[in-house]
Amino acid sequence: MIVSDPILTLSGISKRFPGVRALHDVSLALKPGRVTAIIGENGAGKSTIVKILTGIYRPDEGEIRVRGEARSFASPRDAWAAGIAAIQQETVMFDELSVAENIFMGHMPTGASRLVAWPEMRERAQALLKRIDAVIPPDFKLKRLSVAQKHLVEIARALSHEAQVLIMDEPTAALSASEIDDLFRVVAQLKSEGRAIVFISHKFDEIFRIADDFICLRDGEKVGEGSIATVTQAQLVRMMVGRPVDQFFPKRDVAIGETVLTVEGLSNATEYADVSFSLRQGEILGLYGLVGAGRSEAMQGLFGITPITRGEVTLEGQKLSIAAPSDAIAAGIAYVPEDRQDQGAILSLGIRENVTLAGLTKHVKGLFLSRASEQAETRSLGRKLSVKAAHWEQRLAELSGGNQQKVVIAKWLATRPKVIVLDEPTKGIDVGSKAAVHDFIGELAGEGLAVVLITSELPEVMGLADRVIVMKEGRIVAEFKRGQWSAEAIVGAATGAGKEAA
Amino acid sequence: MKALLRNRELVLALILVIGIAAIGAYQPAFLAWGNIRDMLTETSVLFMMALAQMVVILTRGIDLSVAANLALSGMMAALVSQYYPDVPLILMIATGIVTGLLLGMLNGALIAYLGIPPIVMTLGTLAIFRGMIIIIARGDQVNASEMGVAFQAFPKQVWLGLTSPVWIAIAVALLFWIFLGFTRAGRGLYAVGGNPVAARYCGIDQRRQDLLAYSISGAVSGLCGYLWVARYGVAYSEIASGYELTVIAACVIGGVSIGGGIGTVAGTLLGALFLGIVMTALPVMQISPFWQMAISGAVILAAVVINARAERRPDKLILPEARRLRRVTP
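So the sequences go chain by chain: X and C.
For what it's worth, the working numbering labels the leading residue of the first sequence as 1, then goes sequentially.
For what it's worth, the working numbering labels the leading residue of the second sequence as 1, then goes sequentially.
For the record, the hints were derived by calculation from the structure and aren't laboratory data.
Every residue gets a Cβ at the ideal spot worked out from N, C-alpha and C, and that includes glycine.
To give an idea of the interface, some chain X residues facing chain C are shown, with a C-beta separation under 8 Å as derived from the structure:
1) P337
2) D342
3) Q343
4) A345
5) I346
6) L349
7) E353
8) A358
9) L360
10) F368
No farther apart than 20 Å at their CA atoms in a straight line, the calculated lysine to any residue pairs in the SDA-like style are these:
11) X:K365 with C:L180
12) X:K130 with X:K150
13) X:K365 with C:A185
14) X:K481 with X:I256
15) X:K362 with X:A376
16) X:K203 with X:G224
17) X:K362 with C:L180
18) X:K362 with C:T183
19) X:K130 with X:Q189
20) X:K150 with X:Q189
21) X:K130 with X:V147
22) X:K31 with X:W80
23) X:K365 with C:W177
24) X:K141 with X:H107
25) X:K51 with X:A29
26) X:K362 with C:D205
27) X:K191 with X:H161
28) X:K362 with X:R416
29) X:K418 with X:G257
30) X:K365 with C:T183
31) X:K418 with X:E377
32) X:K434 with X:G446
33) X:K362 with C:R200
34) X:K365 with C:L175
35) X:K365 with C:G181
36) X:K362 with C:G181
37) X:K362 with C:A185
Isolated chain C, as found in the complex (with noise of 0.2 Å):
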């Protein structure tokens, strides 16, 4: 039994299980399936992004430049959109993915091979990314009258009864999962994080590993700009402001160690759920909005400390009856 609370995700779940069970004793329509499923298309995005972070800050990084990159690479979008309607929607998608890419590959070429910190570095782009896109849209801002159709309907779908961004979500996680979990890159990402010195000494290049990070960070960002601004209807500077801050929550609520080098593709996707529907529930259950930051914070400290307490290291056992005590539990 104390093993099993040991498994964090196992602990995240059953925390899940029970507070959806409380919010639906409490108020029913909150179990109702089209509730379910807006509440997960509502998440999808943040699902991605915190995934994408994740292994940001594997490596011991961390981006803060996510939501301004989804802001501009969804004004790409957006903006061919509006001026090139013709193009194929495969394209418009893949001018945010491009421009995403792009982005985070400027982040992570400056941060491995020039040598500045992560924190210092994607805090000067995020302001250069909002900057340019009031720049690239004059000013202006897209709205959905101006967008193709295809292109806001896409987000709409629903394939066997959820909405395509949770299946791209879906597909996202299993790619994740697939890269940390059997690749080469992937686990070079946990023990450049783990220990840079040893990761060095095993041939493991720390500049490589980072421009994939942020390289990662940033296509999926550009992706989740797309997806945004298309179900939005709607394109500017602004759009996702702070959301760097609930990106970067959910991945440590999910128990990844802002120390770099752990953390797992399930953890970061239940934090992402736990957040989105403490953020989906809280209006449901009627609870002022100045409330509800202060509960997320909260909940966010919570899980802080609890991962704190999970890394700690283990104590020497040199006492011999701590030993015996110790061996009871295999």
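Looking at chain X on its own, in the form it has when it is part of the complex (with noise of 0.2 Å):
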């Protein structure tokens, strides 16, 4: 190994949120040259290291030097300017511009008349994307590009700033295999440049094809680092999840009943193919799995949002054939989706019109709705929920965004379902908060209800489910029964490090 100055180190950096401790007294060094993975379980820090290199953020306390002398970073700008970039999870480019016009925001070359150069940003764009071999015609728009091809205009565009540091937020979450394989070749050219490079994957066998180093994170602190050569994957796993999880989640004693619900073999065109589970009454189900392993995709099959190439779902005995959300309501079928307030709060309509929505066909009487009946119904489920509002015809607008979140929440009760699916519930919410959620879950199972529980945290799912099914790429790799799981055979099966860690 060549010893060399770090191009970059943080040392002793800290950041907290409202509630929440994000990173604690963390320290980082990046050494030309070098690959260095961050690793760490949903939420452990590691989008907020990458804010904080960025810019976005700004550490409360720690220290940040390029090239050793101390800086920080006032915006996005400052942090570009020191010759950081960030090749981000969801590309943030310019759909309808030119490829040329996307690496050069912001730094246009501009002629003596203070135009816009064409002729050379053209040329000196196809120059940058020719040293990493991307055959993409400058001129072309950017929407017409694959996302693979995406990226390395983004590389290139960190190029046209002289970038020293790239940092990699999971490229390759949407890239098929070769495409994987073009751009470690593009890594692997921009380490023998002497750039540094972070790269954050939650696949296994990426980290080890392309790292050099690594440090892994658990609740915003660092609990490892070193070369990569001298760890196993059980070793990292082990050091992802080693935390004793079950006491932070009281699980209540809920009768099981009868099998509700039966799907078999449920599969898309390219999302997700033979999902196949059954549950029952009062039964929570947790559905673990990566960030994009098709558990959503696959929930919104059962409900009827993505449409489905095959597969069977029986509830109560019944056989149902479901073409859209509507047929699912009916059938006794709730989801709460990941993102309560966009896909699921009407802001412009009162709180009685959101909770009657989706079960309206409840209150027609004769020809028309009942607003008798519809008011019934929110009064008990507002109370119920505890929602605080002034009246129950307040606009949901003028609601704070948690009493947004119960709002949707009793929309869903509204439809009295059989089986309900949370998609990440906790997702975005302080901890006090999550213990309230995790409270009515339980309660929610203590009715008699089936809960799906779709998460990404694995202390959640550990302390909640009575049984963990888990996906990876779009099918289910592994089931788990309360007290016959690890944490590391859940993590395991959820990165592919299964066979090794288990």
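Hints given; two lone chains; assemble the complex.
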């Protein structure tokens, strides 16, 4: 190993958000010509580090040094100027503009006239793309490119700034195997040019292929670091999850009843295949996997949102044919989407109109809707979920975020479901509210509902679920019963490190 | 008081009352019952057309073809009256309504099922409908002398002090109020406009709602087509030219959000009444027609600005002192 001074060092970085400690005393050194993998569960603090490196967040404590010199990034611009560029998970680029314009956005070459020097810009874009062997015409509109090609454009954009540190946040999530090979060739080349690369991925095979060093985060703290050659997958998994989880989630004892729902071979053309499971009254089924494993998509198929090509759904002995959400709702399936505010709430309508919307059929008396029946339903559910509002006709836009979420949940309970799918119910809410949500999920199961809990948080699934099924790349890869699982085994199955970890 | 001022229907009604009083003080003839009745009759078509347009705008759409639809449906009704004078009046009116309905369904079906943007689709059908009038009338127009007597007499009938178009507008407004407030389909219109994704998760089919909205818009245009042609005693390709903009303006003044999901029957009626008064009062006040257009435009812009302020999302009130302040006014 060639010993050289790090390009960038973070030391003693801490960052707090209200109710959450995102990072605590994390240090990191990025050396030229080395790929450093940051690993950790969802919520371990990986994205926070990326945001601090790129100037989106400012650390509460700690120091950033670039080539030995202390710096503070007040904005993403400062980070760019310091030679740090990120290739983001969801690429932030301009679909309707050309490749060349995307590469030079913000620093387009201009001539003496102060107008954009198009020929020069095109030429320089071409040269940058050639350096990374990308065959992309600079005049193409970005929207014509594949995700892999967009990554290459972003890398070219970084090179146009002569970036010395490149951060790749799950760059392979949407790529095919051969595209990943191409990307890794580019990474190897950037390495040989002496740049430092930060690589974030959930996939262990990729980490072992491309990374030189690693740091492992858990709950915002660094729990391990070193050279990738000195660890095994099993050791990494243990570092990631190594914590006692059970005591946080006192699970209720619920009598588990008859089988309610059976799903056989549910498949979609491109997103998921052969998803089969059964679910009983009062049971909480955890659906674990990495982000993008196809869990939400499969459940949306069950709910009639994504089309299913094959598969059988039986609810209480009745075979269902679900072509649209209205079929699923009528049969007694409810789906509380992940982004409850964007996909669930109708801000321009009042609380009553939101609460009764999904189960509106119930309130039709003769030809018309019964206002009294709607009001009664809203009152009883609003009180049950302790929605705080001036009155039940208040527009949702005037409520706080937490109360909007309660209204959305009330809406789904109003359909009197037998099966309720909760998609990441605690995503983006603070620790205190999480406990309330967990308690509420237990209460639902206690009332005899069958619950499917989609979550990416291991403690949550291990604390609440009676059974866990794990999905990876659109298929179910493992199933565990309560008491017969270990954190390592679940994460192993989800990440594909299963054989070594088990 | 502040809460009352936030209710835009009340504000609009207040402005109307003050405005009418001011005009009346300046020109007492304006407040004569006969004049008010004429003004209401004149505005009755606008009332109905604005309500229909509101239904479309609620779904985040727009129907620019309404005036062309009105003209084509009116021409169809007039042609029936000209060539089949023995047909009962009710069938002639039905001809207008059914023609308008079919034209609206054409818009709705293509927008809903082929995903054509509403503004493009209805801009296209606007031109097509106008062109079709020339084709079916062979480039000619239908004059008062060619239409049946009953055909023309109906809009001039007075019941209980109000003309038949005003009574029809009242009936239509009542139907809209019931439809939007007390039916599943009506609620669905607000839902798909307010948040299409959330509406989909609730089992509401956006395409069916779209088809419904444009069909309603078409049928109302057809009804108004008959009333227009019969009242003014002439049908040709250019009647109600540009009227779609007046209709949309009435909606905007009445507080219908162009972004979809927000709008009330009362607000839209007040918006139409407001425009109706402005357009009938300005000539009474002997303001030049050139200024009339400029004043109408300024009124519309003012309404949009007020609307934008009303729809601003409330602050989060992060500062504790701000929350305390807010709590004082429940």
